[in-house]
Amino acid sequence: MRKVAEMRANSKMEYKMRILGVRAAPKVTSFVVYCTQESALKCVDVIKIPATLDTPEKLKYVRNNILDILNLFNIELAAIRVTESNSDNLSIDRLYIEAVVQEAFSSSDVRKYFTIRKSGMKSSLGLSETEYKEILRSHRGIKGIDNSGFTAETNEAVLAALSAEVRGC
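Heads up: the sequence shown at position 76 corresponds to 76 in the working numbering, and the numbers run straight through without jumps.
Here are the simulated DSS-like pairs of lysine-lysine, each with C-alpha atoms no more than 30 Å apart in a straight line: (1) K112 - K27; (2) K60 - K118; (3) K133 - K48; (4) K133 - K27; (5) K27 - K143.
These aren't lab readings, by the way, just hints derived from the structure by calculation.
The task is simple: from the sequences and hints, build the whole structure.
In structure tokens, the structure reads:
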């Protein structure tokens, strides 16, 4: 009986899961792919949305790119950092993109996905407001990840992925 428990524990430790973290914006959507086994980022990139496209074409462009990323990296969990409901500078374009990303998650083979706000990320990761702001400004790393060259949006994508790991495992 003890050996079975040890085998299960070992198999969980060896299990590799890839998590997609996304932070949408009207012109550029940041994303990261985080590997749980290695506790490392496998990809840090952005989707640059062509300004020449009209809104429906922009949304289709983002959706297709997200689906490609999900398939390319065999993503099992995904999370998107969504706009605060009480935001003063609400961007309709950002809301549209967030909705399309969520639709892409739901129509893919992703096992589970999350929509996460600032308070959810802070509580999942046990961060204070000060720690959260330091991470966004790249003045502080998290889980050994060197985020010194990241934008605030990319840092939010990282936090979304790490929050999904806590919530989904």
